[in-house]
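Please take these sequences and the hints and turn them into a complete structure.
Counting with my numbering, you get residues 1 to 142 for the letters of the sequence shown.
Derived from the structure by calculation, the hints contain no laboratory data. Accuracy of the hints is not assured; some may be wrong.
Said to hold, decoys possible - Cβ pair distances, simulated, as ranges:
hint: 1; residue 1: Glu109; residue 2: Lys36; range: 17 to 27 Å
hint: 2; residue 1: Val42; residue 2: Pro14; range: 18 to 28 Å
hint: 3; residue 1: Glu7; residue 2: Gly131; range: 38 to 48 Å
hint: 4; residue 1: Glu117; residue 2: Trp45; range: 19 to 29 Å
hint: 5; residue 1: Ala106; residue 2: Lys59; range: 14 to 24 Å
hint: 6; residue 1: Arg124; residue 2: Tyr57; range: 35 to 45 Å
Stated by the list, open to error - As a list, the in silico DMTMM-like pairs of lysine to aspartate or glutamate whose alpha-carbon atoms are at most 20 Å apart:
hint: 7; residue 1: Lys33; residue 2: Glu5
hint: 8; residue 1: Lys59; residue 2: Asp43
hint: 9; residue 1: Lys59; residue 2: Glu5
hint: 10; residue 1: Lys82; residue 2: Asp56
hint: 11; residue 1: Lys47; residue 2: Glu19
For glycine and all other residues, C-beta sits at the position ideal for the given N, C-alpha and C.
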Amino acid sequence: MYSREYELVFIVRPDVTDEDIEKIKDRSGGVIKDRKGHLLNVDDWGKRRLAYEIQDYGKGHFVLFNYLGSTEIVDELERTLKLDDSVLRFLTVKLAERVEVKARVAEAEAAAKVVAEAVAEQARAKEADAGSGDGAGAAAGA
Numbered sequence: 001m002y003s004r005e006y007e008l009v010f011i012v013r014p015d016v017t018d019e020d021i022e023k024i025k026d027r028s029g030g031v032i033k034d035r036k037g038h039l040l041n042v043d044d045w046g047k048r049r050l051a052y053e054i055q056d057y058g059k060g061h062f063v064l065f066n067y068l069g070s071t072e073i074v075d076e077l078e079r080t081l082k083l084d085d086s087v088l089r090f091l092t093v094k095l096a097e098r099v100e101v102k103a104r105v106a107e108a109e110a111a112a113k114v115v116a117e118a119v120a121e122q123a124r125a126k127e128a129d130a131g132s133g134d135g136a137g138a139a140a141g142a
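What follows is the structure, given as structure tokens:
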């Protein structure tokens, strides 16, 4: 089975709570799943400075979605985001016209696993550095 691959980036007002941002992400993911799409990746970039002010905001909370689906998913996602006052801007880009769904989903899952392992390794390294740093600092202070 083949489908189109899309990338959606949306910017949320910086004063919106993390809870509300999660609700927007869940609602958007629900639109994709309800219409038989496949959500490949959700990447929360956090608050970043905008290149120019949008509605008097100099910063915004950026979120990236990669998904497989039809044009009706794009239409419904954009309609949903337009109705949400906390969303400043959004942009959907078609990455590929014809993608093998099973292969692309498997590829995305493998990539997510690699990223999760790298994050866990960084956390272990940071923990080890913090543990050895405390002992060295205490010895130097004594």
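*Determine which of the earlier numbered hints do not hold for this structure and return their numbers in increasing order.*
5 and 9
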